[in-house]
Structure formats: C-alpha cells, structure tokens
Amino acid sequence: MLLILSCLANAAEVDPLALVNGLQRELPARTAYTEVRFSQMYDRAVIARGELEYLGPGKLGKRVDSPYVETTTIADGEVTIQRGSREPRRISLDRIPELEGFLRGFSALLGGDVAALQRDFEVQGSGSAEHWQLRLSPTDKRLKTRIEALQVDGAGSKARCFSIIDADADVSILMVEELATLTLPKPLTQKNVELTCRRGNSGP
Amino acid sequence: MSPRLRRWALLIGWVIVLLAVAVYTGHTLKLSTDLRSFMPPAQTPDQKLLMEQIGEGPGSRLLLLALSGDGEEQLAELSRRFSAALRQDAHFSQVVNGEFDAGLLDEALLPYRYLLTPSFDATPLDAATLADELGQRVEDLGSPAATLLKPILPRDPTLEIMKLAEQWSPPKQPLLRDGVWFSPEGEALLLVQTHAAGFDPAAQGEAIAAIESTFAANKAGSANARLVISGPGYFSVLVNASTRGESEWLGRISTVGFIILLLLAYRSVAVLGLAALPIASGALAGVAAIAVVFTEMHGITLAFGFTLLGVAQEYPIRLLSHRRAGETALESVRSLWPLLLTAIASACIAYLAFFASGVTGLMQLAVFTISGLLVAGFSTRYLLPRVLPPGFRDAADTPGLGRIWNWLEGLPRPRWLPPALLVIAALMLWSATTPFWQNDLASLTPVPKDLMQREGRLRAALGAPDVRYLLIVEAADAEGVLELSEKISPRIDALVEQGAVNAAELPSRYLPSLATQRTRQAALPDSPALAAMLADASQGLPFRAGLFQPFLDDVEKARTLEALSPAEFARSPIGARIEAMLVQRDGHWLGLGTIIGMQDPAAFDALARETDGAVRLLDLKGASESLVASYRERILHAFAIAIVLLVITVFIAFRDIHRAWHVLAPMTLATILVLAVLRAGGTSLSLFHLVALTLAAGLGLHYALFFERTTPDAAEARRTLHATLVCVISALLVFALLAWSSLPVLRAIGLTVSLGVGFHFCLSILMARKGRSRDAG
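Chains as they are written, first to last, in the working numbering: chain A, 1 to 204; chain B, 1 to 777.
Take the hints with a grain of salt, since some may be wrong.
[As the list claims (entries may be wrong)] Calculated lysine-lysine pairs in the DSS-like style (CA-CA distance at most 27 Å, straight line): (1) B:Lys621 to B:Lys48; (2) B:Lys163 to B:Lys557; (3) A:Lys141 to A:Lys59; (4) B:Lys487 to B:Lys163; (5) A:Lys144 to B:Lys219; (6) B:Lys150 to A:Lys59; (7) B:Lys487 to B:Lys172; (8) A:Lys144 to A:Lys59; (9) A:Lys141 to B:Lys150; (10) A:Lys191 to B:Lys150; (11) A:Lys141 to B:Lys219; (12) A:Lys158 to A:Lys59; (13) A:Lys144 to B:Lys150; (14) A:Lys158 to A:Lys191; (15) A:Lys186 to A:Lys158; (16) B:Lys172 to B:Lys621; (17) B:Lys150 to B:Lys557; (18) B:Lys48 to B:Lys487.
FYI, nobody ran anything at the bench for these hints, they're computed from the structure.
Since we're looking at a predicted model, the values are computed, not measured.
Chain A extracted, bound-state conformation:
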C-alpha cells in the first residue's frame, strides 16, 4: 500500500482517460491470466490460472483452469457460474448491486468506455506511458463498503495487471498477457507481486 502511495506521489501525472481510450481493442479480447489472492482468511497466497474474455459491453467471461475448473460468464444482467460438471448456478446481477457496479466499471474499462467509467468511479492515473497505473475508486457508497479500488498496471496500450482491493484490504491480483505465464516471484508476497506488475517482470 505504502509503495503504491509513494509511487503515486512521485509519479508524473498521466492522462488516465487517454490511457483507458488506448486500452480499447478488437473484440473479442482474450487473455490468459494468473490470479494471486491474498486474504486475511488464508495462511498463504492462493493461485488460480485460466483465461479472461471480454466479449463486448456488459459481457465478461472468466475461466478458471486450475486448481479447479470453473467458468463464470456475465451477460444480460446475469452471472452464470459453472463448476466442473455441476449444474450451472445463475444469479441475477440485480441481486448483488455492488457487484453489478463493479462489473460495469470493469467492462467499461476493458471496452474503453470512458463515460461509463466516470459515472461509477473516480479515475486517477500515475506513472509514465511505459509504466502507468490507473486507480478506479468507486463513487457508489454501497460499492465502497465492499471494494476499495480497482487498480490497473500497464505499459503502452497493454494492461499487465488488474488488482481488486477489497474494503477489508484483501487483494486479488490478476496478471494478464505476457505476465500470466511468468514465473511467480519468490517469496510469493503481495509486495513482490505488486513489484512484478510495476516492472513487468519478476526479476529481483
């Protein structure tokens, strides 16, 4: 956390909206990911690997390949979670308004929809074109009780890491594109993963 703050303080201001615009890409967009989750509930970091998919506004897919198999699809206001060979579970997004706001933001970010993004989040940017960081803080009060911020690290027009910082400081970091296949830093601490996102490699 301190590190991020100090980075922000020292960083030259970058135009966050231009960054979001630059992120816009051809549909569908797919990327492999490695997710590292740090939680107060866990005695160690939990790693998951799979594929992220952006299919257009309001349509997201996240497939977990290991350590378990799960496909989450968000489309038409409904979340469908399919685990292994079990019956898929469907939850209407309306039932979890916080989640809906969050996903709207996420989808707006991936789709480069600046207007939608600004409606739900306060957008801050820092760093340089080669090492930039976007921080999206929810403006919705209810969402704020669940999620502190959504953070994106990237270089150029490519995002490297998506970090979801929960209100209770639990963090889930998704490393995408080339970072997804990178060897994870050792020891696997939150600080080291954040450094990896910043630098674009896990080297010391």
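Chain A is fixed; fit chain B onto it per the hints.
Leaving out everything else, chain B in the frame of chain A:
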C-alpha cells in the same frame, strides 16, 4: 305562569335534556368501524375461521405498494430508503422490498440455524461434507460473489444463513432490478403487512396515512416519484371514504330540499325548528340506548338507524298538517293518536325481528330504531303540541290541494287492478334471469374496476398470496400443526409440480417442528469431533488455522439450545410470518398455508380425504357466501315472524277484518311490486334491499292507515292528503337522490325506498280509499 311562558319553559327544558343526553352519549359511546361486527354470526368452523381471517389473515393485512414516475435506479434507491423508514414504524409488522436482508435472523437466534436448516438431513455434517463445502468456499472467494460472502464465512462456512434466506424468500420471486423488486411495467414494488386488521377502515386509515407521510418524507431527490397503494385494507378505507363522502354530499342536498319543502308546506320557520325536535329526540334516545346496552356502536348501525328512523319524520308532519281552527294542537294530536300509535307499535314490533337476528350490528339497529321511534312518537304526542305556537295556517286551505283531492277522488278504481298488478308482478318475478339473492357482500361496495385490475397486476407481479384461498392444517397443538405441515409438504410440492397451484407456503417452511429440530440437534457433532472434522476437511486448503472458531462455537451452542418454539421465533423479524400462520382457536391449533396462483382447487380434495379434513383448502369466498346465505335465512325467518306480528297488531287495533285488509293489502301489493320491478331490472337482492323494503313498508303503512281513516269532512280529507304529500315528497327527496348514487349500496337503498314510496302512495290511494268510499256508500 302564562301559557306563553309555560311553552318556552317546556321548550328550553326539552332542549336542555337533549343536550345533556348528547353530552352523555358523546362521552360514553365508542364508534367502531370493524365491518365484522356487522356481519352474520359464524356457524361452521370454516365460517368462524373466515370471520377471523377476513380481517386478520396474512392475506388481508397485506398492502401492496408500487413506486413509479422516475428512473429505475432512483426508484430502487427510493424503495430502499422508503422501506428502511417503514420498518421503523410501529404500524407495520413486516416490510419487504426484495433486498437481501442479512438481519433476517436476530444475532441471538443465529445458532438456531443448525436446527432450522434441512441441509444436513440427508447427509450429516461430517468431514466429507465439510471438505466439499470448504472447497467450494475457496472457489467462491475467487468468484464475483466473494465480497458478499466474506463477512459471514468464519461463522458460517456452509452458508446456512443464505440457504435459509433462500428458503424463506417468497416462493414466486418478483423481478429484481438493482437489488429490489420491480414490476414488468417498471414500478418498484414493496409488500407491507399492517398490525391492524384488514377490514378495520379506521386502523387501516392510520396505517395508510403513515405510509403516505413516510413516502413524502423520503421522496427527496425523486420529486416526480409517485406512490400507488393497493390491497384489501386500502380498499376498505377507500370504499368507506367514498360511501361516506357521497352520502354526506347527497344528505346535504336533501336537507336543503327538505327545509324548503317544510317552509312551503307550513310557512313558518318556528314550526320548521320545532318539527325537528321529535326526530332529534328519537335519534338521541336511540344512540343513548345503545350507549347503555352495548357501549360500542357500529358506524353502519348509525347510518342504517338514521335511515330507518326516517319513518318518524311522519309523526310531527301528521300533527302539523292536521291542525285546524278552533282546536288546540293537543286536541288535534289526541284525535290522531290511535292511528299514530298503531303505526308506531307495528313498526316497533316489526323491528323486533332485527333483534332476533343475533347479529350484533342488527341487534343494535333494533335497539336504536325501536327506542328512537318510541321517543319520537311519544314526544310528538306529549311534548310537541305543548311547545307549538298557537297560530298556524290550516293545511286544508293550501291552494291547489282541493283540486288534487278531487282529481284523486275521480280516478277510476277498477276492481281488477290489484289482481292484474299481482299477475304482472308475478310474471316479472318469474321472468327475471339474474340470481334472486346477492351473496357477495363485497359487490355492494365495489372497488373501481381499474383499481381492481391494478391490484391483480401488482399481486401477480409480487407473487403475493391469494386472498381467496387458505390451506388449513389443523392439529391439537402448534407442534402437531408443524409436524403435519412437514408431513404433507412433499404432497404440496407434487401439486405445484402438477400445476394445480403456482406455489404454496406452509408454516413448516419457516419453522420445523420441535421433533425435527431435536433430531437435527442430536445429529450435530460435539465440539472435539467437529474440530477434528474441520482439521481433516481443511487439509490442502489455504484457510488459516483458527479462522472457523466462530463456526465451532455456534454448532456447540446449537447442540445445547432448547428447540425453537413458535413464540420464541415470533420475536425475530422473519418470525412475524410464522405468527400470522399459526392461530389457536377453540383449543385447537390451525396452520394457515398461503396459496399463490390457485389453478385447480379440486386437486386438494384427495389431501383432505386422506387426512380426514385436518388438511383442507378453505375458500374464503365460498365460506363468506355460505355465511351470507345462512344469515339471510335467519333474517327471512325473523321477517316472517315480523309480518305475522304486524298483521296481528293491525287487526287488534282495528278489530275489523275488512278495515285491516284495506290497510294491509296495498302495503303487501306495493312491496311485491317493488320486488318485481327490482328483479325485472336485473337486481339481485341483498341485505340492504331488505332493510330498504322494511322502511318503505313502514312508510306505506302510514299512508294506508291515514287514507283508510274515516274523515268527518272534506277539509280533514285534504289535511290527510297534505300530510301524506309532505311525507311522500320528503321521503322521495332523500331516497330518490340516493338512487342516483354511483355506489351500489346507496343505490340499493335509495331505489328500493323511492320505488316503495311511489307504489305505497298510489296503491294506498287506490285501494285504501276505495274501501272507504264503498264502506261509506
């Protein structure tokens, strides 16, 4: 004391007594608005239940609220603010708008979840189950739902709170948008249960006012938002207000007309005021009698009572019209008194029939009218003549009256007319195609069609329970009801599967029987065993040691708890529902299952047969109609007795079969004609028609009695005509106006009395007079 002084002293004394009685009754009498006290006494167990349920059942206490007029997001936000505020209001036992309510179970009741949940019935809570659940939690924490689950996870790793919340959510969930219920038309929906009974318009009125003011206070930011309220309670308030509003409005017009009529007839303001004294005395005496006998009076008794007391207006009018030169008012009244007394006595005896009905509301009506008529009659006889000013205009000299009299005298009176009318009436009665009786009381105070349609739409959108059907589960005690409810639950599920009903809610859905709870309790592992299972199950999972200590504590607590009783459960927010679903009556306990979307009531017959009726479907509409039908039978019996009593009274008064016949025949024929016209017009008869027929017959009795009277001279005959005309016109003024009302209940009374007054007047002239002239000849 001079006569003038004596007159004033008596008048002032009279008014003071009236004021004193008014003050006394104003202090002691309570006016009740609960419609049920005006309903027939319940006979069968189902009818008894109906009387309870009609006001207090879970269905009838529900109000359906819809918010519209703004964007979805704003409405959702308003719905949340609005329901949060309503939940603080003591008028309501339950407010739901679709929000996930983690506070469904009180903190203190949370450990009970292991007794309430069916999760571990098939597979026990063991290491394998736990390992499977914990594995799923790791996956959940990586899913979008993680932020929701995290706060409860250490305490509830198997998510029993969520499973219970799901089980307790309405069986037919409305649409959810932005986390709250919405209708397909885009209105935010709320369900509110009042503490007040559904058919107590006064109490419902308070609740509705509270809703409206809460809405006004919370709509900031959505200035265009509109609130629509629907539901039985709202309708009872609405119907009450519109009935009262319309009858007051019509009442004012007819009062003005009445004053003008009396001024025209008697040309004296003083007389106008004095003529009101007997009927005012009668009304006050009636109210005072009820205050003494019943202490509480029903609003309808008051309205009906004043209607029926309308007969008493005849008494002073007769006296005023029959005054003549050279005779004091006292002497005039003495010569009229035998006839007046016959009329008063026969009316009072007829109203005794209401007393025999056994319905509190009608008994009150009898006490009110009988004491009112007696006091009005006796004050006309003994007080009014002593306060009337000595000067007056002879009614016989009214211009034009002589001509009317001659014209009436000259009317042909064919002997075949009465039998011909009777035949026509019989044909009309026979040819009427509508049902003779109207058993659906609600149809008399109908809710406007568009509101009814909206109610249906909202009810369907909310999946709110049917108001018409209840599934009764009967047993010796609450535990028995819950056990039976658990037993038949699979059967009900099968009926839902078959499509006989869209959904049903049984009491055991909310609270399992004590037996089931104890079975579950016994199956829970003890603390060391559970800790070992947990350690076993956590192998290979990332959860930190000690994370699930709150879970271990809760299960241990659940092992030693007393099983949750309905009374205990009722204290939690969700428990309010079980409270409404379990009622004790006559040493029995009844579970009231709600039905949503009944498709095939007959499908429940088999269930009733197998359980010997312990589980049965109650059709509230059917029960209420059978109640009304059996009630009417009692009233008709009472009427039959009343008619016999009336005939005997008239015979005794006349001691002459011919004369009695000339009074009773036009009355009877006129009543039959009214019935025939109503029926030919497609009207099905109700209680209100019966009351109106009774009043008309009472008025008709007066007309016939006075026309039949031997008159010493032409002037006296003109006075009789004058009095009768004033009475007829004043009655028509009041009731013909009511007949134009938009409300069926007022129209029923107005039309029936107006028709009655017309027929009674015409037939009295034709038949009672004819008898006289023949006698004279």
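Hint check:
Simply put, lysine 621 (chain B) and lysine 48 (chain B) have alpha-carbon atoms about 13 Å apart, close enough for the 27 Å limit, and the pair holds. Our distance criterion of 27 Å between C-alpha atoms is met by lysine 163 (chain B) and lysine 557 (chain B), whose separation comes to about 20 Å. The hinted pair formed by lysine 141 (chain A) and lysine 59 (chain A) meets the criterion: a straight-line CA distance of about 24 Å does not exceed 27 Å. For the hint pairing lysine 487 (chain B) with lysine 163 (chain B), the CA-to-CA distance comes to about 21 Å; that is within 27 Å, so the pair holds.
For the proposed pair lysine 144 (chain A) and lysine 219 (chain B), the alpha carbon gap of about 24 Å is at most 27 Å, so the pair holds. With a C-alpha separation of about 25 Å, the suggested pairing of lysine 150 (chain B) with lysine 59 (chain A) holds against the 27 Å cut-off. Among the hinted pairs, lysine 487 (chain B) with lysine 172 (chain B) is consistent with the structure: their alpha-carbon atoms are about 22 Å apart, no more than 27 Å. For the hint pairing lysine 144 (chain A) with lysine 59 (chain A), the CA-to-CA distance comes to about 23 Å; that is within 27 Å, so the pair holds.
Note on lysine 141 (chain A) and lysine 150 (chain B): the hinted pairing holds, with a Cα-Cα distance of about 18 Å set against a maximum of 27 Å. Pair hint lysine 191 (chain A) plus lysine 150 (chain B) holds up; C-alpha atoms about 23 Å apart against a cutoff of 27 Å. The straight-line distance between the Cα atoms of lysine 141 (chain A) and lysine 219 (chain B) is roughly 19 Å, inside the 27 Å bound, and the hint therefore holds. Between lysine 158 (chain A) and lysine 59 (chain A) the CA atoms are separated by roughly 20 Å; this keeps the pair inside 27 Å, and the hint holds.
This hinted pair checks out: lysine 144 (chain A) and lysine 150 (chain B) have alpha carbons roughly 15 Å apart, not beyond 27 Å. Distance check on the hinted pair: lysine 158 (chain A) and lysine 191 (chain A) sit about 22 Å apart at the alpha-carbon level, within 27 Å; holds. For the hint pairing lysine 186 (chain A) with lysine 158 (chain A), the CA-to-CA distance comes to about 25 Å; that is within 27 Å, so the pair holds. For the hint pairing lysine 172 (chain B) with lysine 621 (chain B), the CA-to-CA distance comes to about 23 Å; that is within 27 Å, so the pair holds.
At most 27 Å may separate the alpha-carbon atoms for a hinted pair to count; lysine 150 (chain B) and lysine 557 (chain B) meet this at roughly 22 Å. Restraint check for lysine 48 (chain B) and lysine 487 (chain B): the C-alpha separation of about 26 Å stays at or below 27 Å, so the hint holds.
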